[in-house]
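So the sequence lines, in the order shown, correspond to chains A and B.
Using our numbering, you'd call the opening residue of the first sequence number 36 and step up by one each time.
Using our numbering, you'd call the opening residue of the second sequence number 36 and step up by one each time.
If you are wondering where the hints come from, they were derived from the structure by calculation, not from laboratory data.
In this text, a Cβ means the ideal position worked out from N, Cα and C, and glycines have one as well.
Watch out, some of these pointers could steer you wrong.
[Stated by the list, open to error] Here are the in silico distance ranges between beta carbons for each label pair:
#: 1; chain 1: A; residue 1: 148; chain 2: B; residue 2: 354; range: 51 to 61 Å
#: 2; chain 1: B; residue 1: 36; chain 2: A; residue 2: 148; range: 30 to 40 Å
#: 3; chain 1: B; residue 1: 226; chain 2: A; residue 2: 197; range: 43 to 53 Å
#: 4; chain 1: B; residue 1: 200; chain 2: A; residue 2: 305; range: 16 to 26 Å
#: 5; chain 1: A; residue 1: 128; chain 2: B; residue 2: 200; range: 52 to 62 Å
#: 6; chain 1: A; residue 1: 128; chain 2: B; residue 2: 238; range: 34 to 44 Å
[To be verified] Sample of chain A residues at the chain B side, in silico, Cβ under 7 Å:
#: 7; residue: 71
#: 8; residue: 339
#: 9; residue: 342
[Stated by the list, open to error] In the SDA-like style, the derived pairs of lysine to any residue whose C-alpha atoms are separated by at most 25 Å in a straight line are:
#: 10; chain 1: A; residue 1: 399; chain 2: B; residue 2: 225
#: 11; chain 1: A; residue 1: 66; chain 2: B; residue 2: 364
#: 12; chain 1: A; residue 1: 37; chain 2: B; residue 2: 89
#: 13; chain 1: A; residue 1: 123; chain 2: A; residue 2: 107
#: 14; chain 1: A; residue 1: 66; chain 2: A; residue 2: 175
#: 15; chain 1: B; residue 1: 415; chain 2: B; residue 2: 364
#: 16; chain 1: A; residue 1: 66; chain 2: B; residue 2: 50
#: 17; chain 1: B; residue 1: 192; chain 2: A; residue 2: 426
#: 18; chain 1: A; residue 1: 150; chain 2: B; residue 2: 50
#: 19; chain 1: B; residue 1: 66; chain 2: A; residue 2: 80
#: 20; chain 1: A; residue 1: 150; chain 2: A; residue 2: 177
#: 21; chain 1: B; residue 1: 192; chain 2: A; residue 2: 142
#: 22; chain 1: B; residue 1: 415; chain 2: B; residue 2: 303
There are 2 protein chains.
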Amino acid sequence: MKAEIIAVGSEMLTPFRVDTNSLFLTDELNKLGIEVTRKVIIGDDRAGLREAFSQAMERAELVIAIGGLGPTEDDVTREAVAELLGRKLILDEEIVRNLQERFRRFGRQMAESNKRQAMAPEGATILENQRGTAPGLWVEERGRIVILLPGPPHELKAMVEAQVRPRLEKVSGGLRLYERELRVTGLPESDVDQRIAPIYTGYADAQTTILAGPGEIQIHLRAWSRDAAAAARMLDEMAERIRFALGEAVFSTTGEEMEAVVANALNQNHATIAVAESCTGGLVAQRLTSIPGSSSYFLGGVVCYSNELKSAWVDVPAELVAAKGAVSAEVAIALAEGIRRRAGAALGLAITGIAGPSGGSPEKPVGTVHMALANGAATKERSFHFPGDRERIRQYASQTALDLVRRYFLAKQREGAQGKG
Amino acid sequence: MKAEIIAVGSEMLTPFRVDTNSLFLTDELNKLGIEVTRKVIIGDDRAGLREAFSQAMERAELVIAIGGLGPTEDDVTREAVAELLGRKLILDEEIVRNLQERFRRFGRQMAESNKRQAMAPEGATILENQRGTAPGLWVEERGRIVILLPGPPHELKAMVEAQVRPRLEKVSGGLRLYERELRVTGLPESDVDQRIAPIYTGYADAQTTILAGPGEIQIHLRAWSRDAAAAARMLDEMAERIRFALGEAVFSTTGEEMEAVVANALNQNHATIAVAESCTGGLVAQRLTSIPGSSSYFLGGVVCYSNELKSAWVDVPAELVAAKGAVSAEVAIALAEGIRRRAGAALGLAITGIAGPSGGSPEKPVGTVHMALANGAATKERSFHFPGDRERIRQYASQTALDLVRRYFLAKQREGAQGKG
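The shape of chain A in the complex, shown without the other chains:
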C-alpha cells in the first residue's frame, strides 16, 4: 500500500519551521507496511489544496493530510476535500455536543466559530480528538482513503494511536515492519560504508539507511515481512555481521544514545563518576544527567574555565598549567585524577581543549582536545584534533569522552573474561 502525506500550513513555507509531524506519521505507516512515496507541504489555500488532494489520490491509495482543521476561516482543509469529492459539509450534532462538553469542562463558553470544526463531509467517519477541539475525518472514495488529522503534535499522536492505527491495521494487509538500529562512533562515514556495504548489499529484502552526525553514525536496518520470525532472523544475522565488521566501534545494537549506554555500563558495574570539563562547558555533565535516574551513578561535575579554578577546585598544580598550558595531556590527567578524588567517585573524567573560534595557535589549533579517565589505579589519556565549528567540536569532544568511559568498561569486561578463562 502506498501513501502520500500533505502537510498543511503557511508557517511551514517560511524559513522558520519544518514539518516534523510527518516523521512520526511515516514511522506509524511504515510499521504497517505502508510506504510513503511523496510529501507535499502547502499553505492554507483552498484551490491549491483541492489540486493537491486530487493529484495525490490519483497516485496513492492512502492520502493523509495534517493541519488546517482549526476553527478560523484560514483553515480550509475540510472545505477543500468536500468540494473535491462533491460532498456536502454537514453539521455533525455529536461533534457539537462533544465540543460543548469540552468547553464546559474547562469552564468556558464555546465560540460560534468552533462550530466550523463540527462540519464533516457526508459519509465521513469522525475521529475523536481527546486532546483538542478539531476532530479528525476518515473519508473513503472509489477505493481511496483520505484521512484528515489535526496539526498540534500531541493531538495528532493521540488520534493516530487511538483512532487511525487500529483502522489502518484492518486495511493494510499483513505486512509488518521489523527494524534494528546500530550506532557507531570513532570511524568516518566512508570507512563504515566501505566495511559494511558488502554485507548489506547481500540482503535484497532489507533496506539500509546510514545517517552521520558529529561523532556518531546510525545504521538503520528495516525489513517488511508477513513472517515475524524469519524477519527477525534475517535482521539479527545482518546486525551481527555488521557488528563483527565494525567491532568495538559499535556502541549500540538497539538504537540507544551514547549517554544511555554509558549510564548502563556505570549502573551494571555499580560505579560512580564525576566530570571536570573545560571546553565542553558542562555538555558532558548535561548529557550524563539527561538520563532519568542519573543520580545513581553521577555524583557531580565541575566546569573549570579559568586556570585559577582548575587549581582551586580540582587541585591541578598551577606550575603544571604554567609549564604545559591549560590545554595539554598533562592537565587533562591532573583534572581527571583531581575530580575523582574531590568527588569520591570510582571514575574521574576530564576534558580540556580549544573549541574556538579564537584561542588557537599553530601548535594547538582550534579543535585540539585532550581527555583523560582516572580510576585511582591508572589514568588513560587521549588527544584529538576535531574538525568543524565551536558547536561541532564540543559535540565531538563530549561524544568521544563518553566513549572513553564505554571502552574502559569493555576492556575491563575482556580482562575479566580472560582472567576466568
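Could you slot chain B onto chain A? The hints should help.
For chain B alone, kept in the frame of chain A given last:
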C-alpha cells in the same frame, strides 16, 4: 514571483530525516521577494520526478530542486528534467575537466561514474560547485526557470551564495524582504498573542509569525518592499509597539538567543558569573559557554547532584539540606551564595529542582524548581512549577535562570537611571 521547491531523496521519505535544506533556500528566496508556495519531497524516481517538475512548472515561475545529482544510477534528477523538456543530455567537456582537476587535487583518480555528473541538458547554464563534484544546473524554458542544486548542505549553500543569488537578483524584480525578530520569555503564548494581535493586525503590509518553545516565544515581523527606508520605518514602529506592549518580557529585538543577551549584559557590566546546578545538570553552564569568548565572564560551574557535594563543594550546611530538603528555596540561596564565594565571581547563580520522571512528591511534584542569584549584597530567589517532561523542565529551568540574570541587570540599570534623575 512564486517558487516551488522539490526536495529529492528517498531518505527524506523515511522517519529518520527531514528536509532542512529548504529552510535555507526559502530564506534566500524570501529575501529577494520570491514567495515559496509549495514544497514537494519525493524519492529518486524518474517518472515521479518528471511529473513533479511538470506540475510545479505549471504553477510557479521558478522551480528549484535539491538533491539527486550524485554520480550513481540512483541519481536521476538531471535525466528527469532533460526528458521533461525534451532536451538531450550532453557531456560538458568543461565540467569533465573541472572534475578531473578536482580529483587530481585530492590525489585520486576520477571514477568513470563521475562522468554522469558532467551531463547537462542542451542549453543549460552550468553552476560551478566549489565544495563538491556535482555541478548545479540552470535551465530556462517558456518563461520558467528550473534550477537543480546539490543536496549536501555546505555544497548547496556555497552554490546558492556564489551562483544562484546573483542570477536571481537580476530576474526577481526590485522587491526585497525586511525583517525584525523579537524574543520573549516569561509569558504564555496566548497572553503574548492577545496583547500584540491588536498591533500586528493593523499592519496589512507586514507578515507576523509567532513561534513558541519552552520558555521562549519568537515573533517574526516581515515586510516586502521596494522602499528600504519606508519598510524599516514600519517594522521599527511595529517592533517598538510590540516591545512596549510586552515590556521586560521582551529579551531581544534582534533575534538573539537568551545566552547571548546574558553574555552581553555581563560583558557590558564587566561582571563575572559562576553557576551551581542540580536538576539542570550542566545545561546552564553549557549554554553560557556556547558563546565564543565566554571566558571573559564565565569563571566556572559546579554540578552538585549529591547532597554531600552540595556541602563539600558549595558550602551548603548539611543541616539546612536535612531541614528543608535539597529542593528548597533555602538551599537554592545557599548554593548561589556559596558558588559566588567559591569562584570569586561577581554573581552566583543556582538551580535546584526535580526534573523527573521520578523523585516527585505531593508537596514537591516533578517540575518544582528553585533558583537564586547572589551578588554579595543581596540574594534574589524565585520558585517555579514547570510543566512537561524531563527535557522540557530542564529547558524551562535553564531559560528562566538565565532570565533572572538578565532582569537583574535591567533592574540595576533602572536604579542607576533613577539615581541620576
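Going down the list of hints, with the structure as the test:
The given range of 51 to 61 Å is respected by residue 148 of chain A and residue 354 of chain B, whose C-beta atoms sit roughly 59 Å from each other. The hint said 30 to 40 Å for the Cβ distance between residue 36 of chain B and residue 148 of chain A, and at roughly 34 Å that hint holds. For the pair residue 226 of chain B and residue 197 of chain A, the supplied restraint of 43 to 53 Å is violated, since their beta-carbon distance comes to about 31 Å. For the hinted restraint 16 to 26 Å between residue 200 of chain B and residue 305 of chain A, the CB-CB distance of approximately 59 Å leaves it violated.
Checking the proposed 52 to 62 Å range against residue 128 of chain A and residue 200 of chain B shows it holds: the Cβ atoms sit about 56 Å from each other. The hinted window of 34 to 44 Å between residue 128 of chain A and residue 238 of chain B holds, with their beta carbons roughly 41 Å apart. Given hint, residue 71 of chain A at the interface with chain B, holds; its Cβ is 5 Å from that chain's nearest Cβ, closer than 7 Å. At about 5 Å, the closest approach between the beta carbon of residue 339 of chain A and any beta carbon in chain B falls short of 7 Å, and the interface hint on this residue holds.
Because the closest C-beta pair between residue 342 of chain A and chain B is about 10 Å apart, greater than 7 Å, the hint is violated. Among the hinted pairs, residue 399 of chain A with residue 225 of chain B is inconsistent with the structure: their alpha-carbon atoms are about 50 Å apart, more than 25 Å. Annotation: proposed proximity of residue 66 of chain A to residue 364 of chain B is violated, straight-line Cα distance about 48 Å (limit 25 Å). Restraint check: the Cα-Cα separation between residue 37 of chain A and residue 89 of chain B comes to about 22 Å, which is no more than 25 Å; the hinted pair holds.
With a C-alpha separation of about 19 Å, the suggested pair residue 123 of chain A and residue 107 of chain A falls inside the 25 Å cut-off, and the hint holds. The hinted pair formed by residue 66 of chain A and residue 175 of chain A meets the criterion: a straight-line CA distance of about 22 Å does not exceed 25 Å. Simply put, residue 415 of chain B and residue 364 of chain B have alpha-carbon atoms about 10 Å apart, close enough for the 25 Å limit, and the pair holds. The hinted pair formed by residue 66 of chain A and residue 50 of chain B meets the criterion: a straight-line CA distance of about 11 Å does not exceed 25 Å.
In summary, the hint linking residue 192 of chain B to residue 426 of chain A is supported, as the alpha carbons are separated by about 19 Å, within the 25 Å threshold. As the CA atoms of residue 150 of chain A and residue 50 of chain B are separated by approximately 35 Å, the hinted pair breaks the 25 Å bound. For the hint pairing residue 66 of chain B with residue 80 of chain A, the CA-to-CA distance comes to about 23 Å; that is within 25 Å, so the pair holds. Note on residue 150 of chain A and residue 177 of chain A: the hinted pairing is violated, with a Cα-Cα distance of about 29 Å set against a maximum of 25 Å.
Restraint check: the Cα-Cα separation between residue 192 of chain B and residue 142 of chain A comes to about 51 Å, which exceeds 25 Å; the hinted pair is violated. Proximity of residue 415 of chain B to residue 303 of chain B is assessed by CA-CA distance (about 21 Å); at most 25 Å being required, the pair is judged to hold.
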